[in-house]
Amino acid sequence: MSSSIKITGHYLDGKSAKRRAALLELDPEPFHHIGLTIEADVDSGEGTALQGAARSFTLSFDDLRIESRLGNTPREIGFGDEQLFVTDDNDAVDRLVARFGTTGWLHLLESKLSFVILAVVLTVALVGSFVHYGIPAGAKWAAEKLPVVTAEYLGDGLDILDKTVFDPSEIALSRQQEVRDLLEPYLQQYPELDAKINFRAGLEANALALPTGDIVFTDEFIRLVKHDDELVAVFFHELGHLHHRHMMRRVLQDSMITLLVIMVTGDVDTVDMVTGLPTLILDLAYSRAFEVEADAYALEKMHESGIELENFAVIMQRLEDYYYEGGDEGEGGFEIPAFLSTHPATEERVQLAQQLIERYRRTTH
Amino acid sequence: MEDTTTTTPTNAPQVRQLGFEFRGDGTEYFKIWIVNVLLTIVTLGIYSAWAKVRNNRYFYSNLFLDGSNFRYLADPMAIFKGRVIAIIALIIYSIVFSVFPPLGIALGIALFFAIPYFVNKSLAFNHRMSAYKNIQFRFSASYGESFMVQYIWPLLGMLTLGILMPLALQKMHEYLVKNSSYGTTQFDYTANTKDYFFIVLTVLGVGLMLGLPTWGLIAAVPDLAPLAFLIGVLVYFGIILFVMSSLINLFYSNVVIQEHGFSAKVTMAELAAVLLANAFFSVITLGLYAPAAKVRMVRYISSRIVMDALGSLDDFSAAEKENVSALGEEFGEVFDFGL
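Protein chains in written order, with my numbering: chain A, 1 to 365; chain B, 366 to 704.
It should be emphasised that the hints constitute simulated quantities derived from the structure, not laboratory data.
Fair warning: there could be bad hints in the mix.
[Said to hold, decoys possible] The calculated lysine to aspartate or glutamate pairs, modelled on EDC-like cross-linking and capped at a C-alpha distance of 16 Å, are: (1) B/K686 - A/D81; (2) B/K686 - A/E291; (3) A/K15 - B/D679; (4) B/K686 - A/E82; (5) B/K543 - B/E624; (6) A/K15 - B/E624; (7) A/K163 - B/E624; (8) A/K226 - A/E308.
[What the hints assert, rightly or not] Where chain B lies over chain A, by a calculated footprint (3+ residues, C-beta under 8 Å): (9) 14 to 26; (10) 106 to 117.
[As the list claims (entries may be wrong)] Label-pair distances were calculated between CB atoms; the ranges are: (11) A/Y324 - B/S628: 54 to 60 Å; (12) B/L438 - A/F57: 20 to 26 Å; (13) B/E685 - A/A137: 26 to 32 Å; (14) A/S287 - B/L577: 34 to 40 Å; (15) A/D167 - B/G581: 28 to 34 Å; (16) A/D167 - B/M633: 58 to 64 Å; (17) A/Y360 - B/P466: 42 to 48 Å; (18) B/G473 - A/F57: 43 to 49 Å.
Ideal Cβ positions, reconstructed from N, Cα and C, are used throughout, including at glycine.
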């Protein structure tokens, strides 16, 4: 009932690089005998006449080590010690394998278009949700569990900044003391954050929080502030970064993304160029999420301390105007697209403040 | 297969120009790759060892020379074991580093001295797992030579402000080729030091010739800064193309085995077309084009490499059996120092 199977290919003995034409045959009845005929080696010299002569022998299916099918690459069937039969006739080998009842499912997955489309959809959905929910949640959990000691080993970040971008502050010491006195009560409220106030010149109008607990106000920023409450608003925003351990979480998230890319593509060399840009865009998206979190923290603390939330919106707007008019560098009018920015648009941040103001009003009245 | 056969009137063996040919297809590889990715994800990374073997098999088995294909022979289980041990080592290393830094630093120094050994083992594994016409490749180098090309030569290159970098690169290529063999037959490498210096000097010369006038131009007319930026990007891309293509050509044209030689003719224009197309499609598909991009690159490079075979390629014989674990290879991948 079932016909015989003939597979043409080549035979390699595993000792020399000499290739000879060969034929693998499965008899119709009984099934267990597989014949291999190796043709005579025409090029063979006289000394190798014995090796090069035509020969044929019988094998059983269990003797054969048949490679799983992989696209349309040549199919290799190993037997004996290191001997090899290679053929391009993948379909015939599949028929031979099917006779003995063990077909591979991998090639089926890889060749059916519907499976492939399903795989694309599932992969994009899984990777997408992992990047969107899994990585931030994992990093947050890890950052909270990690002992504070680790942060100290990240090195004294302020030292490095002092050597590279910062100069000593030119703000009068009396003004510095005023600011310190203003913030001292709030620092005492959150001793666990171990925050310290610093003043430096450089980096235009800016405030930043380092994992060591150092909060830095730049001179330009101190000059820009018109009201104490505005300064407190920005201070709370930076305290929010410390409270939520944003630096640590960003480092963790970046390394998790790198790990994910290597794991998924299984390749370190080719991914650099191809995945560099998407990875950067993701990092920036995470950065914006942290800013929103710090904003929300700042607004909540301002509310608790009885500071008008409008001050937050006012200082954000003033910073925006400052940068729009060009600070020192004269780069006014250049807009970065939202998805390439480290911070959310000021409009969104002011909106968040307005929403919270509304909500607090409703709850207090 | 483009076999241009040059016939010689005498009885001496003829030189045959055998082109390397990659028969893989971007769509076909994409299907294999996406199934690998999905299975890796749903098995939480365990399948990655099997995926690696399947991906490598696709690229080896589709590479043809003289009508025969190459093969990748690694057993996924061996790779999986190596990978597990390497990942455990990495976790221990990170924990020790954050909990008790002095011991972490000691481990770091130990790793530093272990890397040349692991690189040797990794190359030995990869060669051992590569075969052509059922004969495996081999790699065997001394720890000292590995240490020299990993650390000492690059360090000398840096200390001399790049003057000795060409030499460091040449030593690395010699290390890679001269310690390799096909079966029992050793490869040789014939490149001259001056070929390496020529590449580096050309880069420096072109960089200065185009860089200095552009710089002067911005200093004189600041409004032209955006134009200068554009020129800068183009020169940078051009230099990358030049270095990539000339290094590939230099490398393959100097590999020799017995009386057979190789030659490579990668051009900057063709390489630029491949790189730009790959980058463009990869960005608009958010990375899903990566497998097809790899196929395109491998197919192009293979198509430009030719073996100048003198007579038949049948007279190679297999080396003694040897066992190499996948540990070095997997340490290289996990700790990111692979070649």
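* Asked: B/G473 and A/F57, beta-carbon distance inside 43 to 49 Å?
  -> 57 Å, violated
* Assess, step by step, whether the Cα of B/K543 is no farther than 16 Å from the Cα of B/E624, and give holds or violated. => 15 Å, holds
* Hey, A/K15 versus B/D679, does the alpha-carbon distance stay inside 16 Å? -> Roughly 11 Å separates the two Cα atoms, so the pair holds.
* Mind checking the alpha carbons of B/K686 and A/E82 for me, to see if they're no more than 16 Å apart? => 10 Å, holds
* Go check the region 106 to 117 of chain A versus chain B for me, would you? Three or more residues, Cβ under 8 Å, otherwise it fails. => As far as the region 106 to 117 of chain A goes, the hint holds, because 6 residues have Cβ atoms under 8 Å from chain B.
* Quick one, are B/K686 and A/E291 close enough, alpha carbons at most 16 Å? -> Violated. B/K686 to A/E291 sits at ~60 Å, over the 16 Å cutoff.
* Range agreement (Cβ of B/S628 with Cβ of A/Y324, hint 54 to 60 Å) -> 59 Å, holds
* So the hint says 26 to 32 Å: do the beta-carbon atoms of B/E685 and A/A137 match that? -> For B/E685 and A/A137 the Cβ distance comes to about 53 Å; the hint is violated.
* **Three-residue Cβ test at 8 Å for the coverage of the region 14 to 26 of chain A by chain B** => Coverage by chain B holds for the region 14 to 26 of chain A (6 residues, Cβ < 8 Å).
* Taking the CB of A/Y360 and the CB of B/P466, does the distance hold inside 42 to 48 Å? -> Holds, since A/Y360 and B/P466 (Cβ atoms, about 46 Å apart) stay within the stated range.
* Taking the beta carbons of A/D167 and B/M633, is their distance inside 58 to 64 Å? -> 45 Å, violated
* Asked: Keeping to a limit of 16 Å between CA atoms, is the pair of A/K15 and B/E624 held or broken?
  -> Roughly 21 Å separates the two Cα atoms, so the pair is violated.
In terms of the numbered hints stated before, the structure departs from hints 2, 6, 7, 13, 16 and 18, listed from lowest to highest.
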